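Number of protein chains: 10
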Amino acid sequence: MITSRTQVTDMIQSAKILKGIKWSQIAEVVGQSKEWSTAACLGQMAMTKQQAEAVGELLELTDEAIAWLQIVPYKGSLPTEVPTDPLIYRWYELVNVYGTTLKELIHEEFGDGIMSAIDFSMDLQRENDPKGDRVSVVMSGKFLPYKMY
Amino acid sequence: MITSRTQVTDMIQSAKILKGIKWSQIAEVVGQSKEWSTAACLGQMAMTKQQAEAVGELLELTDEAIAWLQIVPYKGSLPTEVPTDPLIYRWYELVNVYGTTLKELIHEEFGDGIMSAIDFSMDLQRENDPKGDRVSVVMSGKFLPYKMY
Amino acid sequence: MITSRTQVTDMIQSAKILKGIKWSQIAEVVGQSKEWSTAACLGQMAMTKQQAEAVGELLELTDEAIAWLQIVPYKGSLPTEVPTDPLIYRWYELVNVYGTTLKELIHEEFGDGIMSAIDFSMDLQRENDPKGDRVSVVMSGKFLPYKMY
Amino acid sequence: MITSRTQVTDMIQSAKILKGIKWSQIAEVVGQSKEWSTAACLGQMAMTKQQAEAVGELLELTDEAIAWLQIVPYKGSLPTEVPTDPLIYRWYELVNVYGTTLKELIHEEFGDGIMSAIDFSMDLQRENDPKGDRVSVVMSGKFLPYKMY
Amino acid sequence: MITSRTQVTDMIQSAKILKGIKWSQIAEVVGQSKEWSTAACLGQMAMTKQQAEAVGELLELTDEAIAWLQIVPYKGSLPTEVPTDPLIYRWYELVNVYGTTLKELIHEEFGDGIMSAIDFSMDLQRENDPKGDRVSVVMSGKFLPYKMY
Amino acid sequence: MITSRTQVTDMIQSAKILKGIKWSQIAEVVGQSKEWSTAACLGQMAMTKQQAEAVGELLELTDEAIAWLQIVPYKGSLPTEVPTDPLIYRWYELVNVYGTTLKELIHEEFGDGIMSAIDFSMDLQRENDPKGDRVSVVMSGKFLPYKMY
Amino acid sequence: MITSRTQVTDMIQSAKILKGIKWSQIAEVVGQSKEWSTAACLGQMAMTKQQAEAVGELLELTDEAIAWLQIVPYKGSLPTEVPTDPLIYRWYELVNVYGTTLKELIHEEFGDGIMSAIDFSMDLQRENDPKGDRVSVVMSGKFLPYKMY
Amino acid sequence: MITSRTQVTDMIQSAKILKGIKWSQIAEVVGQSKEWSTAACLGQMAMTKQQAEAVGELLELTDEAIAWLQIVPYKGSLPTEVPTDPLIYRWYELVNVYGTTLKELIHEEFGDGIMSAIDFSMDLQRENDPKGDRVSVVMSGKFLPYKMY
Amino acid sequence: MITSRTQVTDMIQSAKILKGIKWSQIAEVVGQSKEWSTAACLGQMAMTKQQAEAVGELLELTDEAIAWLQIVPYKGSLPTEVPTDPLIYRWYELVNVYGTTLKELIHEEFGDGIMSAIDFSMDLQRENDPKGDRVSVVMSGKFLPYKMY
Amino acid sequence: MITSRTQVTDMIQSAKILKGIKWSQIAEVVGQSKEWSTAACLGQMAMTKQQAEAVGELLELTDEAIAWLQIVPYKGSLPTEVPTDPLIYRWYELVNVYGTTLKELIHEEFGDGIMSAIDFSMDLQRENDPKGDRVSVVMSGKFLPYKMY
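Protein chains in written order, with UniProt numbering: chain A, 1 to 149; chain B, 1 to 149; chain C, 1 to 149; chain D, 1 to 149; chain E, 1 to 149; chain F, 1 to 149; chain G, 1 to 149; chain H, 1 to 149; chain I, 1 to 149; chain J, 1 to 149.
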C-alpha cells in the first residue's frame, strides 16, 4: 500500500536509475518542458491522467503509483530549512544575499506587490563561454499588485 | 562612531527616502547595473573608492560612511532563515519547490558541480503581457565542476 | 533620523494611545477599510501620499515619518515563528489544525493552485449571538492555478 | 497492529485515491459539513461510532481503524512550524502579515480576549468572479473575554 | 516617548525594587487577586483606568505609562521557547512530562475539547508541611468542547 | 524484539483502544491515582513488578513489554518544543503567559528556589458549574530553596 | 534607571576589569565560596543585603545596583541553546556524550528520580599532574526520588 | 544487516532488560570503570576486541554486533538540543546557570584555555547524608591552554 | 528496492566493518586520494562507472547499489546543524571561532570573493611530534572573486 | 563605560577602517602571526598587557579598551548557527560535506579521539596558479586520544 507521495518519488528515482532514463526523455512523454516534468516527478506538481500513464509506462510503475501522480502533492522538496546540498544552497544564498535587492527593484518598477511563484515558468539552459560554460536560468512570474479595499 | 555596515545601510535608506532618489539613479553614479549597485548599497558588495564617493556625494554621507562602503561586508540581507516578507518569501518558495528540480537538471546537463553564486550576474526586467505584466529575471552563473583528486 | 519602518509603527502606536484615537477613526481619514488601514499603519502596506499625510496630520507625525509611510515595508508583523500572543496564536492554531483540510477542499474545488494572499481582502465583524457574541471574519482571495509550461 | 492515528489517516488517503472518492461524498455519509468531515478524516477531530462506521464502510477500513477514528487524536496536521506547501503557506503568511491587525481590531471591538478556535466553524466556497474566481472562507469563532479574578 | 509595553514593565520592576513594594501590596490597590495583578503589571493583562491610576500612584509612574497599562498588551512573558530560568522551567517540564496525561484524562472525563486558558483563574498558596513546605497551585479553566458543524 | 519504551506505549494505546478500557480502570489495577498511572503507562514513570504485571494482565501484554514497564524511561512526552495539540498547547500558553507571574509570587512567598516537579502530585477533577463545567487541577510541589555554600 | 539584572552584571564585569579585582577577592567579602559568589555576581543567585553591600562597596556600585543584587534574578547565563564558547561547550559536550550514562548509573544506584540542581554545591580545584595540570570539579546534589501518589 | 551503531545500543538495552543484568556487571567483564563501560555500551566509546567479545558473550550478541562495538561511533547520546528527560535536563541546567561561572573561575586559575572533555574521567558515587542521600560526581579533565603562534 | 543514497552508504559501512577493510584500501581500488574516495563512499561525491564497479567488487555490493554510486547524491553528511560528535564539532568550532578571521585575511589578500569549496582538495596527514603527534590538514581552494556587472 | 568585549571589537574595526591599517600591520606590533593576531582583535583570544598596549597605541584605543583586550573573551564570532556570509559559509559547507570523511580518516590513522581546536595553529597563504590563484590553509592540531578509566 502506498501511503504518501514521497514513496512514488522514490519509485521514480529508483526506476530511472536502474533503467538509465534521462529527465529529458521523461519530459518528452509528458509533453511539457523538462523543468515542469521533473518537478512533477519529484512531487511538486500534479499530472493529468494521460501524463501519469505515460510516465507509468516508461518507468513501469504500478496502477496505484499512477493514481497518486494525479493527486495534488504536499509541496516542498527540501529536508531542512537551510538546504545542505551545495548546488541547492547556492540558490538559497542568492535569496539571502540578493533578497532585499530583488525587493527594492521590483517595488521600484512595479509598486507594492509580488512576483508570482504560481503563474510562473522557468527555463534552464547551458550558455557556452570560453572562460567556462555557464548555467543560465530565465524565471518569469506575473506581477501581482496588493490592492486596497 | 559607525560600528557596523548595517548602520551605513540604514543611513542610505534614510537619505534615499528623504531625498526621493531612485535605485536607478544611484546605479548611474555608481556606473554598474542597477542589480549590483542596489546590492552594494544594501551591504552585500564592496565598492571602489570612486563608487563610494559618488554615492556619498549623491546621498550626502559622511566620510566615515564612505570609508565603510569600501570594506567587504558581512553578507546576508535577511533577518530570519525563512523570510517573512511575501515578495522575498516567493523566492524562498521557488528554491523550496524547485530546488531538487534545479539540482537534477543541472547535473543531467553538466555532471556533478554547482552553479556559481559568485561568478554570477542577474538582470531584472518588466515583461509586458496583456494578461498582466510579468517580472522576468535572468540569472547566469558559471558552472563549477567538482574535481577528483 | 528614522532608520526603519518599525520606528514609525512605534510612533503611531505611541501617538494613538496618548491621543486615545481608534483604528476606525484612522481608517476614516485613510479612506479605506479598517482592516487595510490598520495593516498599513502597522507596517504591512504602503500608503499613497494623500493617505500618509492624512494619518500624519491626525497623529501629528513628522515629515520624515510621513515619507516612510509611502515606502513599501519589509512585511511580517510577528516577533517569533510561532506567535506567543494567545489571540494571534489561535489563528496559527487554525492553520496548524485545518491546514491540510483547507488544502484538500480547495484542490477538490479548484484543482492545483493556491488562494492568493495578495489579491485578497478581509472583513471582520461582530456577530451577535445569545450564547455569546462571535467574531466573524470573511476572507476572500483570488484562486491562482499552477500552469504547465 | 495500528499504533498511531497517522496510520489511519494514511489508510484513508490511500483508499480515497484508489477508489476515486471525493471529500464531499465522505461528508455526506458522515452527515456533517465538508470542512468538519475532512478535518476528522485527516486526524484533527474525533468521530462518533456511527460516523466512523459510515466512513469505514465507504472506504473499506478495518475494525481496528474504525475504533481509532473514535479516539480524540493528537492534533496538528503540519510537518513543520512554517509550512512548506505553497497553498498552506499563504495562510501562514496571512497570520504573519495580518496577525497584529486582527489583534488590534478584535480588541477595539470586544476588549481583551480571544476568538475561539474550538467553538469555531468554517465555510469554504467558490465565489464566481469575471476577473478570476475567488476562494471565500467564512470563519466564525466565539469571542472569549479574559476575566479578572 | 514610550514605544512598547515592555518599557512599562521595566519601569514597574525598577520602581518596585527601589521602593521595596510587594506584589501583594500592588494587588491591594488594584483590587484583584495577587495572581491577576502581578500578571497585569508584567504585561499580560489590560487594566481599567482606575486600576492603572492606582498602580501609577503607588509606583509614581508617568501619565504615558498609565495610558499604556490600559492597552491590551502583546502577551507572552518568556524570552525563549524553552525557558532557561529553573523555576519557570519546572512548569515547562510538567507540561512536557504530563502533557499527554492531561490530554488523556481530560478527554476521558469531558470528551474532545480543551481546558480554557482564557476563562481561567489561578490561586497560589503556601501549604505547610513538616517534611518541607509546599507550593500549591489550583488552576481552574472552563471546559470548551469542540462542536460539529 | 522491543528496542524502546515508545513501542510499549504504542502497544498499550493500541490494546486500550481495541479493548475499550479506561485510564481509571488501569489506575485501579495499578493501585495509584489515575494521574500517576496514566503517566506511567505513557512512558513517564517506572512501575513496580506488581504494577507492571497487573497492567500486563489487563491489556494482555508480552513478558518483554512487562519487563520494559519496570525500567526508568527517557521522559518527555511531546514531539515538539511547542506542542501543536490545542489541549496541550493551552498548558504551554499558561506557562508562557503566567511564567514570570509564578516566578515573582513564589519568590515573594518563599525566597529564591523552585517548586519541585519531582516531589510533586497532581489531581484533576470536574468542577460542576452552571455556566459550563470546569476542569480543576491542583498541583502540589515541595519548595526547594537554593542554598549558599 | 536600571531596568534589568543584566545591566548590573555588566557594571560588575566592567568595574572588576578596571580595578583588577579577582573573583576570589569578591568571594571573600561575600563570605561564601568562590563558586557561589561568582554565580551570584553573574546574575544567577540572590544576595543578602549584607552581601550586596559588601560587593557594592568593593566595586563602587550605586545604591540602585545594590538593591537589584538582592532580587532573585531570571536565571540562565548563556546567550544560545548550544554554547559557542569552547570552554563552556565542553561542558555541554559532556552532557551530550555522557547524559544517558549519568541517567543509567544514577537510576541503577538510586531508582527513579533526579540529582537536584538546587540543593547542590560545586567545588572547582587545580589538580597538579606532571603530565599537565587538571581541572577537578566535585558536584554534589541531593537525590530526589519520584513519588507515587 | 546492522546499518548503524544505534541498533547495537538497542540490542544491548533489550538484552540487558530481559536478562536483568546491571551496568556494574557489564563493567566487570569489560574491565573498566562503570562510567566508561556504560558510555561504551551506549555508543559513546569504542571497545577493544576483547572488551567487545566479553560484552557480546554476557549479552549473547551476534558477531556482527560485536564487530560494530569496536568501531568508533558517531557520538552524542541525546535526541534533542535541550534534553527533555528531567534527570539529564538538570545537568543541562547546571551548564546553563553555572556556565559563565565555570568559565570565569577556570580562566582566573589557569588563564585562557579549556578543561578537556577527552582526556577526562568521571566518578559517580552515593554520598550518605541524614538529610537525604546525595549524588556526588567528581569530574577531572586536563587543562589545555590556548597557544600563541 | 533501494530508494535513497543513504541506504547505499549504510551498506558500504556495514560491509566494510564485517570484512575489516580500510578506507585506504578502498581508495586504492578507486584510484583517487583517500579523502575523495571516502567522501564518495559516504555519499558526498559521484563515482564513475569504473570506480563504482571497483568498490562494488571489493565490498560485494549489488548491481543496484553500484548504479546508485554513479548518481550525484544529495550532499550534506551531518544529522544536525551543529554536529554533536566531538571530533566533527571541533571543526565546527574552528569555523565559529576563526570564521571572521578567515574572512578578514582572505579579503585582505584577495579582495571580495570566496575560497571555493568545489574546486577544492584536501590532504590529511599524521605529523610526528615528540609532544604528541598532530593531525595536519592542508586545504586548497581556488579563489573566486565577485565581479561587477 | 564598556560593558562587553564586542564593543571593543567594534572600536577596533572602526579605527582600522578610518586609519586604513591592515591586519598584517597589527600582527607586526602584536608580535604573533596574522592569524592569531586577527583572531585576538576580533574577540577570540586574550592578549598580554604588552600586546594590548601595542594595539591600543596603533589604533588609539582608550585605557579601558586596552584593559578589556587582556580579558579572556566569550568566544564564538558568528551571529547565526549556520553562517549567512558566503565566504564563511563555504567553511561550514566543508564541515557539512566532509565532516564524516574527516572523522573516518582521523580514526583510521589515530584511533578514537579528536584533533584539538585549542593546541592548534593555522597558516593561510596565497598559492599562485595559472588557472587562478588558490587559497591554501594549513591547519595543525594535536591529536588527543580518548582514554579508558
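Please note: incorrect hints may appear among the correct ones.
Under the rule of at most 25 Å between Cα atoms (straight-line distance), these lysine-lysine pairs were calculated in the PhoX-like manner [unchecked claim]: (1) G:Lys22 - F:Lys147; (2) B:Lys131 - A:Lys147; (3) D:Lys22 - C:Lys147.
Please keep in mind that the hints were generated in silico from the structure rather than gathered at the bench.
All of these numbers come straight from a predicted model, not from anything done at the bench.
Status of each hint after checking the structure:
1. At roughly 23 Å between alpha-carbon atoms, G:Lys22 and F:Lys147 fall within 25 Å of each other, so this suggested pair holds.
2. At most 25 Å may separate the alpha-carbon atoms for a hinted pair to count; B:Lys131 and A:Lys147 meet this at roughly 17 Å.
3. Distance hint between D:Lys22 and C:Lys147 is fulfilled; the C-alpha atoms sit about 23 Å from each other, no more than 25 Å.
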